[in-house]
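2 protein chains.
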Amino acid sequence: MEEIRPIIWEDGVLKLLDQRLLPEEERYLACSTPDELRDCIKDMVVRGAPAIGVSAAFGMVLAARNYLDRLPVNLEEDNAPQEGFWQAMEEAGTKLKASRPTAVNLSWGVDRMLRKLSEAKRAPTGTVLQLLEAEALGIYEEDIETNKQIGANGAALIAEGSTLLTHCNAGALATAGYGTALGVIRSAFQQGRVKNVLAGETRPLLQGSRLTCWELQKEGIPVQLIADGAAGFFISRGEVDGIITGADRVAANGDAANKIGTYPLALLAGEHNIPFYVAAPLSTVDLSAGTGWDIEIEERDGKEVLSLGGRRLAPEGASARNPAFDVTPAGLITAVITEKGVIFSPNEKKLIRMFEGGVQRG
Amino acid sequence: MEEIRPIIWEDGVLKLLDQRLLPEEERYLACSTPDELRDCIKDMVVRGAPAIGVSAAFGMVLAARNYLDRLPVNLEEDNAPQEGFWQAMEEAGTKLKASRPTAVNLSWGVDRMLRKLSEAKRAPTGTVLQLLEAEALGIYEEDIETNKQIGANGAALIAEGSTLLTHCNAGALATAGYGTALGVIRSAFQQGRVKNVLAGETRPLLQGSRLTCWELQKEGIPVQLIADGAAGFFISRGEVDGIITGADRVAANGDAANKIGTYPLALLAGEHNIPFYVAAPLSTVDLSAGTGWDIEIEERDGKEVLSLGGRRLAPEGASARNPAFDVTPAGLITAVITEKGVIFSPNEKKLIRMFEGGVQRG
Numbered sequence: 001m002e003e004i005r006p007i008i009w010e011d012g013v014l015k016l017l018d019q020r021l022l023p024e025e026e027r028y029l030a031c032s033t034p035d036e037l038r039d040c041i042k043d044m045v046v047r048g049a050p051a052i053g054v055s056a057a058f059g060m061v062l063a064a065r066n067y068l069d070r071l072p073v074n075l076e077e078d079n080a081p082q083e084g085f086w087q088a089m090e091e092a093g094t095k096l097k098a099s100r101p102t103a104v105n106l107s108w109g110v111d112r113m114l115r116k117l118s119e120a121k122r123a124p125t126g127t128v129l130q131l132l133e134a135e136a137l138g139i140y141e142e143d144i145e146t147n148k149q150i151g152a153n154g155a156a157l158i159a160e161g162s163t164l165l166t167h168c169n170a171g172a173l174a175t176a177g178y179g180t181a182l183g184v185i186r187s188a189f190q191q192g193r194v195k196n197v198l199a200g201e202t203r204p205l206l207q208g209s210r211l212t213c214w215e216l217q218k219e220g221i222p223v224q225l226i227a228d229g230a231a232g233f234f235i236s237r238g239e240v241d242g243i244i245t246g247a248d249r250v251a252a253n254g255d256a257a258n259k260i261g262t263y264p265l266a267l268l269a270g271e272h273n274i275p276f277y278v279a280a281p282l283s284t285v286d287l288s289a290g291t292g293w294d295i296e297i298e299e300r301d302g303k304e305v306l307s308l309g310g311r312r313l314a315p316e317g318a319s320a321r322n323p324a325f326d327v328t329p330a331g332l333i334t335a336v337i338t339e340k341g342v343i344f345s346p347n348e349k350k351l352i353r354m355f356e357g358g359v360q361r362g
Numbered sequence: 001m002e003e004i005r006p007i008i009w010e011d012g013v014l015k016l017l018d019q020r021l022l023p024e025e026e027r028y029l030a031c032s033t034p035d036e037l038r039d040c041i042k043d044m045v046v047r048g049a050p051a052i053g054v055s056a057a058f059g060m061v062l063a064a065r066n067y068l069d070r071l072p073v074n075l076e077e078d079n080a081p082q083e084g085f086w087q088a089m090e091e092a093g094t095k096l097k098a099s100r101p102t103a104v105n106l107s108w109g110v111d112r113m114l115r116k117l118s119e120a121k122r123a124p125t126g127t128v129l130q131l132l133e134a135e136a137l138g139i140y141e142e143d144i145e146t147n148k149q150i151g152a153n154g155a156a157l158i159a160e161g162s163t164l165l166t167h168c169n170a171g172a173l174a175t176a177g178y179g180t181a182l183g184v185i186r187s188a189f190q191q192g193r194v195k196n197v198l199a200g201e202t203r204p205l206l207q208g209s210r211l212t213c214w215e216l217q218k219e220g221i222p223v224q225l226i227a228d229g230a231a232g233f234f235i236s237r238g239e240v241d242g243i244i245t246g247a248d249r250v251a252a253n254g255d256a257a258n259k260i261g262t263y264p265l266a267l268l269a270g271e272h273n274i275p276f277y278v279a280a281p282l283s284t285v286d287l288s289a290g291t292g293w294d295i296e297i298e299e300r301d302g303k304e305v306l307s308l309g310g311r312r313l314a315p316e317g318a319s320a321r322n323p324a325f326d327v328t329p330a331g332l333i334t335a336v337i338t339e340k341g342v343i344f345s346p347n348e349k350k351l352i353r354m355f356e357g358g359v360q361r362g
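Residue numbers (this note's numbering), protein chains in the order written: chain A, 1 to 362; chain B, 1 to 362.
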C-alpha cells in the first residue's frame, strides 16, 4: 500500500496535500501561520472532520510560534510567556474554530491544545512550545491509530463478498491517514470481505470521484463511480449489501451530520433493509448537541453548484443553494463504529457509556 | 412568454434544438433521414419522453420520403407504394424504437404512424405521404395541447405560496412545448400558487442546471439550483411543499420510470408527508408492462459520470456505472397527473379506467 499523507508536519511548517487539485496533481501547500491554515480549511485544501481537527492542532502550534516570534528579539525561551500570549492563543483558537462550522473535530482539536496549554501555565516559553508540538504530533499519531481501530471494529461487521456503497471521502485524505469509512473498507478488503465498492461522486465538490476513487484505486480495491442520484437504483435492485460513511458531527442522541446527500442514502438503506454504518472517532461525537437540530449546517457559496472548474453549468444569472451537510436521524443508523467499539442503534445512553470507556456491543 | 420550440418541422426537414449545447448556445440541428434522427435521440440532442415520441413520428415521415426518393425517378406519386415500402417502414420503425429503450413514447409515436399507414394501404404514394405528415403534425400539436391540459389539471393541486422541487427537465424542452412537470409549474405560477422552485441539477447530464433553470428563468419563475443529494436537506427542514417530476414510462400498476435520482426523492416525500406528483401524458403509460420491473432501464456510457465537457473528473482508469433511469413504486406516488385527469394512488384499475376515457379524481 502506497501511503497517503494528507498532512505533514516538517520543520515547524504544516504541509497540506492540496485536495482541490486531486487527482490531477499531487501538490503540497505549506502553512506557516494560523491564518494561512484557516484559509486552507475554508477553501477545502484540507477537508474531512478528523483531518481538519488534526490540522487545527498544528494550527495552534503555528499560532504560538507566530505570536512569540513577533515579541522583542531578546525574549529568553526559558522565561514563561506573558499574559498576552494566553489571550492570543485563545483568540487564535476561536478564529480557527470559526473557519468551518459543522465538523466538531475542529473545536475538539483546538480545545485539546488549549487544555494542554493550561497545564503549562508557568512553564518557560521553550517548554510550552515543545509541549504544544508534542501534543499536536500526539493527536496526529492517535488519529491514525484510532482509524485503524475503527477499521478493525468495522471490518468484523462486513459479510464476505460484500458490495459496499460509500459517499464523499472518509478516507486517508479525510484524516491523518487510513480513514474512517474507507478505513473499514480497507480492513474488510484485506480480510477478503469486500467484493466491490460503489462510490457516490458527491456533488458539488466531487470528493467521491476525485478522492475516494483515487484512494481505492491506489490499493487495488475495485470501485465504480456512480452519480449521487443513482444509489436508489442499485440499492433497490439488491446490488448493495451495506452503506458506510463518515460523519462530521454526531449529536448526543446519535443523529449524525455528514456530507450533503448522506441522509437520503440512510433512508434508502432503511427502506431496503441493508445496514447503514457511520464510522467516526469519538472526537466526532458532540454530547453538547442534544440532537441533529442543534448542529450548525454550513451553507457554502452557490458557485460550487453553478460551475465546475471555472466552467459555468447553469445559465447566466442562475442562483443556487448549497448546504454542505445534512443530518441522518439516529433511527436510520444501524451502528456507529468508533475506535472503542461498535454502538448499535445509537442513543444518548450508549454514547455516554462509550465515552466512559467500556467496549460495548449492541 | 418567449416560446421554446425544441422541435420544428419545416420544408420536410426536422430541426431539433441541440439540447447538449444549452444554455450556452441555441443551435438547431437538421435531420433529413431517420438515421440522423436516431443518432440525435441516442446522443440526446433531443430528449424527454414526449419530445422523442413526437420526433419519432416525424422520423417516420423522413423514412417514407427517403425510401420513395431512392426509387426509380419516374415513380408516379399517384401510384400506390409497392410491397417493399411497407416492409421498409416497419424496419424504420423498429430501428427508431431501438434508439433508446426506456421512454415508451418512442414506441407509441412510431406505432401510431404505422397504424395511420395501415389505414392507407391502397392509397397513392402522394396521399400516403400527406397522411403521414399530417399525422406527425397532429401528434405534435396534440402534445402541446395535452401538456396544457396536464398543466391545468395539476395546477389545481398546488397550494398557494408553494415551493416545489423538480428533477431533470420535464419542460417545454422535453415535449413539443409547454412541458409536463414544468407545465404544471407554469400553470400554477400563472395562478399565483408557486413561490419558488428548487431544481435538482440532475447528474450526470445536468438537465436541471442547463435546461430547467434556463426555461424557468426565461419566464421569470424563481428557481434555485441544488445538488441532487441536497433534496433531503431541504425536505427534512420543511422547505419543500411538494415534488413534481415527469416520467419516461408508467407501468400498468402505476410504478413510474423516470430520470435517475427520482426514486430517492419520492422516498423522501413519503417520509416527510409531502406530495409526490408524476405529470405525464397517457402516451407514457404502458399497460403491457405489469410493474416497474418490466421496464427496461437504459445504462449509458460511464464516461458521462467520469467526465464533464471533455474534462476528466475521476482518476485515469476509473470506471463508472450509469443507469439513466430508476423506478418509483406506485405506493410512493401521490398522483399521476394526465391530460384526462388526476389519478390519485395510481393502480392498474384506475389507469385502465383513465384510458377508457373517464375523467377521474381519487
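Keep in mind the hints are simulated off the structure, nothing from the lab.
Everything numeric in this text was worked out from a predicted model, so none of it was measured.
Among these hints, one or two may not hold up.
The list makes no distinction among identical chains, and a pair is therefore deemed to hold if it is satisfied within one copy or across any two copies.
Claimed, not checked - Below 27 Å or equal to it, Euclidean Cα-Cα: the simulated DSSO-like pairs (lysine-lysine) are:
1. LYS218 to LYS303
2. LYS121 to LYS148
3. LYS42 to LYS97
4. LYS95 to LYS340
5. LYS195 to LYS121
Each hint tested on the structure:
1. In the homo-oligomer, the alpha carbons of LYS218 and LYS303 lie at most 27 Å apart only across protomers (20 Å), although the nearest pairing inside one protomer, at 31 Å, exceeds that limit.
2. In this assembly of identical chains, LYS121 and LYS148 lie within 27 Å of each other by CA distance neither inside one copy nor across copies; the values are 34 Å within and 75 Å between.
3. In this assembly of identical chains, LYS42 and LYS97 lie within 27 Å of each other by CA distance solely inside one copy; the values are 11 Å within and 51 Å between copies.
4. Taking the closest pair of Cα atoms, LYS95 and LYS340 never come within 27 Å of each other, the shortest separation being 31 Å inside a single copy and 61 Å across copies.
5. Taking identical chains as interchangeable, the C-alpha atoms of LYS195 and LYS121 are never at most 27 Å apart, the minima being 53 Å within one chain and 58 Å between chains.
In summary, the numbered hints that this structure violates are 2, 4, 5.
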